[in-house]
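If you read the sequences in order, they're chains A and V.
Under the numbering used here, the letters of the first sequence match residues 1 to 180, in that order.
Under the numbering used here, the letters of the second sequence match residues 181 to 360, in that order.
It cannot be assumed that every hint is accurate.
Unchecked claim - Covered by chain V, per the in silico footprint, the following chain A stretches (three or more residues, Cβ under 8 Å): (1) 41–49; (2) 70–80.
As the list claims (entries may be wrong) - Not everything, but these chain V residues come out facing chain A in the computed CB check (under 10 Å): (3) Leu193; (4) Ala195; (5) Phe260.
What the hints assert, rightly or not - Label-pair distances were calculated between CB atoms; the ranges are: (6) A:Arg69 with V:Leu331: 43 to 49 Å; (7) A:Ala86 with V:Glu285: 33 to 39 Å; (8) V:Lys192 with A:Glu93: 32 to 38 Å; (9) V:Lys192 with A:Asn120: 36 to 42 Å; (10) V:Asn300 with A:Val24: 54 to 60 Å; (11) V:Lys333 with A:Ile109: 46 to 52 Å; (12) V:Lys333 with A:Asn120: 44 to 50 Å; (13) V:Phe341 with A:Glu93: 34 to 40 Å; (14) A:Glu93 with V:Gly352: 45 to 51 Å; (15) V:Val222 with A:Ser102: 54 to 60 Å; (16) V:Leu331 with A:Gln127: 47 to 53 Å; (17) A:Arg69 with V:Val320: 48 to 54 Å; (18) A:Gln20 with V:Asp291: 36 to 42 Å.
Just so you know, these hints were derived from the structure itself, not from any lab.
For every residue, glycine included, the Cβ atom is placed at its ideal position computed from N, Cα and C.
2 protein chains.
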Amino acid sequence: MSIITGTRFTEKLKASSGEQWNRVVTHRFTKELAAGTIDREVLKKYLVQDHRFLDAFVVLLASIVANARSLSDRIPACQFLALITAKENTYFERCFESMNCSSEERKTIPDAACTTGFCNLMRQVAQNGTLGEMLSVIVVCEWTYMSWADLVKDVTVREDFTTYEWVDLHSGPEFEGVVS
Amino acid sequence: MSIITGTRFTEKLKASSGEQWNRVVTHRFTKELAAGTIDREVLKKYLVQDHRFLDAFVVLLASIVANARSLSDRIPACQFLALITAKENTYFERCFESMNCSSEERKTIPDAACTTGFCNLMRQVAQNGTLGEMLSVIVVCEWTYMSWADLVKDVTVREDFTTYEWVDLHSGPEFEGVVS
Numbered sequence: 001m002s003i004i005t006g007t008r009f010t011e012k013l014k015a016s017s018g019e020q021w022n023r024v025v026t027h028r029f030t031k032e033l034a035a036g037t038i039d040r041e042v043l044k045k046y047l048v049q050d051h052r053f054l055d056a057f058v059v060l061l062a063s064i065v066a067n068a069r070s071l072s073d074r075i076p077a078c079q080f081l082a083l084i085t086a087k088e089n090t091y092f093e094r095c096f097e098s099m100n101c102s103s104e105e106r107k108t109i110p111d112a113a114c115t116t117g118f119c120n121l122m123r124q125v126a127q128n129g130t131l132g133e134m135l136s137v138i139v140v141c142e143w144t145y146m147s148w149a150d151l152v153k154d155v156t157v158r159e160d161f162t163t164y165e166w167v168d169l170h171s172g173p174e175f176e177g178v179v180s
Numbered sequence: 181m182s183i184i185t186g187t188r189f190t191e192k193l194k195a196s197s198g199e200q201w202n203r204v205v206t207h208r209f210t211k212e213l214a215a216g217t218i219d220r221e222v223l224k225k226y227l228v229q230d231h232r233f234l235d236a237f238v239v240l241l242a243s244i245v246a247n248a249r250s251l252s253d254r255i256p257a258c259q260f261l262a263l264i265t266a267k268e269n270t271y272f273e274r275c276f277e278s279m280n281c282s283s284e285e286r287k288t289i290p291d292a293a294c295t296t297g298f299c300n301l302m303r304q305v306a307q308n309g310t311l312g313e314m315l316s317v318i319v320v321c322e323w324t325y326m327s328w329a330d331l332v333k334d335v336t337v338r339e340d341f342t343t344y345e346w347v348d349l350h351s352g353p354e355f356e357g358v359v360s
């Protein structure tokens, strides 16, 4: 799988999503996140939901490791697993602390419909999907993240880690290497 | 699961293996490895076979990540996956280079019976086993490794990385944390 150097199949899938792709990667949310002007209540709501993806995402990525064809295919996914369970996981924990959002408060907030839907999709594909289906689900996550982060990274205001660190986690050569 | 602080079940399993455990962790191989006196042809044979476990081991550990009960249970296994696919994998690659053992030569060497048997066990448990079965298989690997490495680490001769690095990879607080 190579996206950056242009695997035709993933490029075709991207093209078939039409304007929806651009709506995702140029959303008001990502612009305000980079500018640091995002309403912190909006950011908090987002992070509470997004943190719930993390666990399902780890399950899916670990299943890709287990089902990949060779050790050399498994290695980059293992390194990425370590990254998201360290730097990315502590980003959430530090944000919740700085926002005074306790784990008790978080437990009272129900899943948004898209959280339920997407987490279920990730877990189902991890359990019963083919390697190709697993890769399709994970590629669309990470490629859209990279695309929005890449668009805003040069104008990101670096005052508050709760905004700029989320851009940094999804841009730069290390993350681009993961997606490719 | 906590071994070092004394989960009774794993202690009982260990006790039920009787003298076999001690034979494993005090084998002539590990003493000569630590002394640096091991016949390099014996070491090479061992490393060729042991490198074949690595891939099956990664599959098993990734399956444990995917099947663990919570994100906090998954995190240490993800960090260990990153370690064995980086430092441990390059240890093998550097050894084979220093021993002039090309990948072509390695392909001509058949699996030892125990390699076939144990790799098949790891892959089968990863695919069809319960979480408990997966943990049983992986614990016995890493706990015996830690036990022999712990016995020899203080007398290890530090002249040739092909011998001492294999001890270092299986001793010390970081590895002890993984096993626990």
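How the hints compare with the structure:
1. 41–49: violated (count 0)
2. 70–80: Held - the stretch 70–80 of chain A has 6 residues with a Cβ nearer than 8 Å to chain V, which meets the minimum of three.
3. Leu193: Because about 25 Å separates leucine 193 of chain V from the closest Cβ in chain A, which is outside the 10 Å limit, the hint is violated.
4. Ala195: violated (32 Å)
5. Phe260: holds (9 Å)
6. A:Arg69 with V:Leu331: 43 to 49 Å: Since arginine 69 of chain A and leucine 331 of chain V have Cβ atoms about 38 Å apart, the given range 43 to 49 Å is violated.
7. A:Ala86 with V:Glu285: 33 to 39 Å: Taking Cβ atoms as reference, alanine 86 of chain A and glutamate 285 of chain V lie about 38 Å apart, which means the hint holds.
8. V:Lys192 with A:Glu93: 32 to 38 Å: The hinted range 32 to 38 Å holds for lysine 192 of chain V and glutamate 93 of chain A, with Cβ atoms some 37 Å apart.
9. V:Lys192 with A:Asn120: 36 to 42 Å: Given range 36 to 42 Å: holds, Cβ gap about 39 Å.
10. V:Asn300 with A:Val24: 54 to 60 Å: Violated, since asparagine 300 of chain V and valine 24 of chain A (Cβ atoms, about 44 Å apart) do not stay within the stated range.
11. V:Lys333 with A:Ile109: 46 to 52 Å: At 48 Å between Cβs, range holds.
12. V:Lys333 with A:Asn120: 44 to 50 Å: Because 47 Å falls inside the window, the suggested range holds.
13. V:Phe341 with A:Glu93: 34 to 40 Å: holds (37 Å)
14. A:Glu93 with V:Gly352: 45 to 51 Å: Violated, at about 27 Å.
15. V:Val222 with A:Ser102: 54 to 60 Å: About 58 Å separates the Cβ atoms of valine 222 of chain V and serine 102 of chain A, which means 54 to 60 Å holds.
16. V:Leu331 with A:Gln127: 47 to 53 Å: violated (41 Å)
17. A:Arg69 with V:Val320: 48 to 54 Å: violated (27 Å)
18. A:Gln20 with V:Asp291: 36 to 42 Å: Between glutamine 20 of chain A and aspartate 291 of chain V, where Cβ atoms are some 49 Å apart, the hint is violated.
Hint compliance for this structure: hints 1, 3, 4, 6, 10, 14, 16, 17, 18 are broken, all remaining hints hold.
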